[in-house]
Amino acid sequence: MASAPKLVIDHVSMAFKTPGGTFQALAPITLAIPPGRFVSLIGPSGCGKSTIFNIIAGLLEPTGGRVLIDGVDATGTIGRVGYMLQKDLLLPWRTVLDNVILGMEIQGVPLAEARARALPLLQRYGLSGFEYLYPNALSGGMRQRAALLRTLLFDTDVILLDEPFGALDAQTKLQMQEWLMALWSDFRKTVVFVTHDVEEAIYLSDELYVMGTRPGCIIDTVPVDLPRPRLRTTALTPEFVAIKERCLMLLSTPAASAQKAA
Amino acid sequence: MAVQDSRLDDIGGLQGAAASAKPARRLPVQKDWPAWATITAQIGVLVGIIGLWEIAARLGWLDAFFWSQPSAIWRTLVIFFTEGDAWTDISFTFRSTILGFIIGTTAGSLIGLSFWWSRNYAAVAQPYIICFESMPKLALAPLIILVFGLGLTSKVVIAIALTIVVSTLTTFAGVKALDPDGEKLFYSLGATRWQVFRKLVVPSCLPWIISVLRVNIGLALTGAIVGEFISSQHGLGRTIFYAGSTYEISLVWVAVFVLSTLAVIMYAAVSWLEGVLRKGTRQ
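Quick mapping for you: the protein sequence lines, in order, are chains A and B.
When the letters of the first sequence are read in order and numbered with the numbering used here, they come out as residues 3 to 264.
When the letters of the second sequence are read in order and numbered with the numbering used here, they come out as residues 75 to 357.
Since the hints were made in silico from the structure, they are not lab data.
A hint or two may mislead.
What the hints assert, rightly or not - Chain A side only, calculated, beta carbon under 7 angstroms to chain B, not exhaustive: (1) Gly-81; (2) Tyr-85; (3) Leu-87; (4) Leu-91; (5) Trp-95; (6) Gly-105; (7) Phe-156.
Since this is a predicted model, take the numbers as computed values, not measurements.
Beta carbons are placed, not taken as given, at the ideal position from N, Cα and C, and that holds for glycine.
Could you build all of it, start to finish, from the sequences and the hints given here?
Quick look at the structure:
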């Protein structure tokens, strides 16, 4: 925690105007994430996880507060963080390779150079043989890999992953989690991860933010002090189970009462 | 064990009874002919129709004055191509159709795509577009001829009027069907509006634009011919109109035949174009 935080969410709040008045989607939220950390947001649906992501990515102007990246105000500016949405959003008219270089292409990197940079990564991270195929030829897991590589190749220090494995079957999901861990330890990006799956969050993260709803807020911060690299069997250790229990307890308490207690 | 066995027997007996009570039915199977047989049959039908027509006309079953007959049509065809203005007429109709098709489709697609740029502009324009769409555009044809003259221009304008609205509406439907998350992805990567338009909106709408090409070639042809019907100095439409009013029925058939050939050629060209464009969309 000695280094300056990479990403700071400083009293960010969000209210939407509705016909029935204003709807407070996010209570002022403050987070500071050090560089190279993997943190997860978990919480019930409607707790504003996607709203936070849209604000960090600059796609939504918060009604209050600021987003700082490397100490610089980045509120409402786009192209500062890599953002992977729930859907893979691969463009069907582009090959896998050309999909993966989209971020670089938009940033003005010459095509030939972008392709040359992407090719070895595709090969190293399990997409070799798929480079020149179109996305409709890929399985769900492969599509997610391509989408994630696209996000990584955008080459920002902060990466937001919004339930990237939500739509995958259990088997593929486990493989993808291990694959993501390998990728993260190679790239050392600051990752903010959103998931419904408590076990997935614990397995992947250094720290968990448990969110409550109405308005969206952070009820508690749960550190995950499990040694890395983590094995599948880590999920069976008493430490892991204790963290899981704590998270499930937090999630089952009504957020409002939890807030009053705090 | 014994109990189980007898139960199994019971079930077996039941199944046997059910099977014998119901006649065994099989999946109906249709056997495909080989390609040569299909083609032979297709040609056979054509030859049969022409043969019957000729015989009926010669035996007086059909009034050859109104219906003409294949032998007379053939003679007229030869005269039309050797002594008449066949090539002038064909090229006139062909040019107005193609020009109307290209200008109408391109302009319509561009207008449809332009609605992506501003929701306000789209909202203002929409009632006018729908109005123009529901209007029978051929009713404007006499006016268009008055304004644009008897030449090629007026035919092209009628063809444009018919094709432009369909293209606009279909492309706009494509714009409305865009996945907002796609735009979100592009903007999260720091894209400009122009980049989103070029790299996302246009390719996403391409299948919609392609789907309208085939319809538009027919519409453009209709527009050009109706324009020639009303007033023109050249063209296959004018030939049909002129021949009909002077009871030269075989010439009507010749012109219709040439027109159909022209239409088939243009359809083939559009199908080829579709194939080329679709290769780029992979959907």
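With a cut-off of 7 angstroms on the beta carbons, see whether Leu-91 of chain A makes it to chain B.
Status holds, d = 5 angstroms.
Satisfaction of the Tyr-85 of chain A interface hint, Cβ to chain B closer than 7 angstroms
With Cβ-Cβ at 4 angstroms, under 7 angstroms, it holds.
Does the closest beta carbon of chain B sit nearer than 7 angstroms to the beta carbon of Gly-81 of chain A?
2 angstroms, holds
Evaluation of the interface hint that places Leu-87 of chain A against chain B, nearest CB under 7 angstroms
5 angstroms, holds
Does Gly-105 of chain A pass the interface check with chain B, least Cβ-Cβ distance below 7 angstroms?
Check passed: Cβ of Gly-105 of chain A comes within 5 angstroms of chain B, closer than 7 angstroms.
Chain B contact restraint for Phe-156 of chain A - C-beta distance below 7 angstroms:
At 6 angstroms from the nearest chain B Cβ, Phe-156 of chain A passes the 7 angstroms test, so the hint holds.
Residue hint Trp-95 of chain A, partner chain B, criterion CB-CB below 7 angstroms:
5 angstroms, holds
Violated hints: none; the structure is consistent with every hint.
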